[in-house]
Amino acid sequence: MREVLFVAVVGVVVLGIQVSRFGLQMPAAYKPDLMLVTVVWSSLRVRYATGAGYAFVAGLLVSLFSGAPTALFSLVYCLVFGLSGYVNSTFQVDRPLGWALLLFIGAWLGGGVIAAVRLMEVPSTMDWSIITWMMLKATTTVLGGELLMLVLDRLWKSYSRIMGE
Amino acid sequence: MPRSTLEVAFLLLLIAVGLVLVFSSGNSESGRLSGAAFTVMRPFQQAVHYVQSSVGGAWKDYVALRGVKTENDRLRREISDLKREKAFLENTEKENQRLKKLLEFKAQREFPTVAAQVIGEDSVGWYRTLLLNRGTDDHVQARMPVTVAEGVVGRVVKVSGGMSQVMLITDPDLSVDCRIVRTRDRGILTGSLAEGCVVRYLDLRSQVLAGDEVVTSGLDGVFPPGLPLGKVKTVKKGTQSPFLDVLVTPAADFSRLEEVLLILKLTGGFDIRPGLDGKR
Chain C
1 MREVLFVAVV GVVVLGIQVS RFGLQMPAAY KPDLMLVTVV WSSLRVRYAT
51 GAGYAFVAGL LVSLFSGAPT ALFSLVYCLV FGLSGYVNST FQVDRPLGWA
101 LLLFIGAWLG GGVIAAVRLM EVPSTMDWSI ITWMMLKATT TVLGGELLML
151 VLDRLWKSYS RIMGE
Chain W
166 MPRSTLEVAF LLLLIAVGLV LVFSSGNSES GRLSGAAFTV MRPFQQAVHY
216 VQSSVGGAWK DYVALRGVKT ENDRLRREIS DLKREKAFLE NTEKENQRLK
266 KLLEFKAQRE FPTVAAQVIG EDSVGWYRTL LLNRGTDDHV QARMPVTVAE
316 GVVGRVVKVS GGMSQVMLIT DPDLSVDCRI VRTRDRGILT GSLAEGCVVR
366 YLDLRSQVLA GDEVVTSGLD GVFPPGLPLG KVKTVKKGTQ SPFLDVLVTP
416 AADFSRLEEV LLILKLTGGF DIRPGLDGKR
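These protein sequence lines map, in sequence, to chains C and W.
Counting in the numbering used here, the final residue of the first sequence is number 165, and the numbers go up one at a time with none missing.
Counting in the numbering used here, the final residue of the second sequence is number 445, and the numbers go up one at a time with none missing.
What the hints contain is simulated information worked out from the structure, not anything from laboratory work.
Do not take every clue at face value.
Which residues of chain W face chain C? A few of them, derived with a C-beta cut under 7 Å, are [said to hold, decoys possible]:
1. L176
2. G183
3. L184
4. Y215
5. V216
6. S219
7. V220
8. A223
9. E286
10. G290
11. D342
12. V346
13. L358
Please read these numbers as outputs of a predicted model, since none were measured by experiment.
All C-beta atoms in this analysis are idealised placements derived from N, C-alpha and C, irrespective of residue type, glycine included.
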């Protein structure tokens with residue numbers, strides 16, 4: 001229950017930051033996907049069922065605050081969660097460099113699924129600008145994600161100390 | 166840590182549910198779920214917007230002030246106060262200019278409109294949407310057009326009591342029936358995954374050129390006719406397509422939007438009889 005409460009609060013706060021305008025400094029298209037970062041974090045820190053449930057609900061909320069079809073991001077985040085958990089359990093990558101790898105793969109997987117769905121929905125040409133866009137998005141997600149993962153780890157440790165293991 | 170079969174089955178079940186929802190529900194326009202989520206998030210968004218707009222000027226002034234070296238504290242304080250006041254006045258002046266422009270635009274048009282503030286943007290940026298602080302309480306409904314004095318912004322896609330979501334014309338999911346002003350050719354303007362917008366289905370014989378203005382035709386029954394959409398950037402002949410590839414730079418600058426006008430008129434409500442263009 002304590003895990004559920006923690007991820008719920010994290011999800012709501014990060015969603016609030018995510019939908020706020022980052023101002024003129026960063027165009028919306030290139031801002032980091034912080035919700036994806038919390039999904040990757042949950043795949044490393046909380047129980048599997050809690051993390052999977054969180055990935056689904058977080059995706060549902062992101063879909064509602066985006067132009068995406070309902071639950072598209074639930075699908076994306078569940079895939080990222082599964083992949084991240086698998087990679088970590090196989091290769092033990094739970095350290096900052098490993099996080100960067102997980103976030104980079106996750107951002108590309110997410111971007112790939114979304115681009116595929118968009119191309120299915122509306123006829124559009126796939127060119128280098130879309131690849132560049134996905135690359136920039138993955139880079140900002142990794143950079144923002146490294147920081148957020150550290151913050152979440154700190155908070156999680158403090159929270160665990162207060163609430164007990 | 167090894168996963169149990171049950172855990173993996175749970176994740177697969179969630180993925181399956183996600184797939185079913187994606188391909189069955191589509192993009193709900195005003196569902197209860199989105200309504201509830203919007204209602205919960207709206208005060209937060211409004212508060213963030215308020216803090217951003219009121220603190221932004223003071224913060225800029227503070228940053229500028231750090232580089233200034235004055236001889237004594239009294240003068241520093243005075244300069245600081247004056248600068249803060251100046252930044253505030255400049256901000257207010259700019260806001261006044263924007264609102265004046267919107268009011269002039271509003272007065273020129275015969276349809277009812279309501280002004281709204283932009284209080285948020287697309288949650289992750291894969292889609293191009295904005296969040297506005299007006300909803301069904303202000304008679305806003307899904308599919309209503311959104312515009313600024315410079316040109317069309319987009320269309321309302323989701324709406325709740327006090328908040329609505331607008332899909333921008335630069336998103337590939339939005340299509341607008343358009344017309345090239347100089348040649349009177351009709352086409353469909355949609356967003357592009359790359360940048361800006363594209364006009365589809367323009368005949369190869371069309372005399373459209375870079376710099377030509379593109380406006381709404383009014384024939385889609387959503388957008389009133391004659392609203393500026395943008396200017397033609399490039400025109401190319403499609404390699405295998407029977408139509409021209411026309412790239413358009415949108416008239417509105419989406420990165421600087423702060424206030425917009427919602428046109429409170431629904432599908433099919435615009436008079437598109439020939440000969441009325443001059444009267445508009």
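Structure-based check of each hint:
{"no.": "1", "hint": "L176", "result": "holds, 5 Å"}
{"no.": "2", "hint": "G183", "result": "holds, 3 Å"}
{"no.": "3", "hint": "L184", "result": "holds, 6 Å"}
{"no.": "4", "hint": "Y215", "result": "violated, 12 Å"}
{"no.": "5", "hint": "V216", "result": "violated, 10 Å"}
{"no.": "6", "hint": "S219", "result": "violated, 14 Å"}
{"no.": "7", "hint": "V220", "result": "violated, 12 Å"}
{"no.": "8", "hint": "A223", "result": "violated, 15 Å"}
{"no.": "9", "hint": "E286", "result": "holds, 5 Å"}
{"no.": "10", "hint": "G290", "result": "holds, 4 Å"}
{"no.": "11", "hint": "D342", "result": "violated, 16 Å"}
{"no.": "12", "hint": "V346", "result": "violated, 26 Å"}
{"no.": "13", "hint": "L358", "result": "holds, 5 Å"}
Comparing the model with each numbered hint stated earlier shows that hints 4, 5, 6, 7, 8, 11, 12 do not hold.
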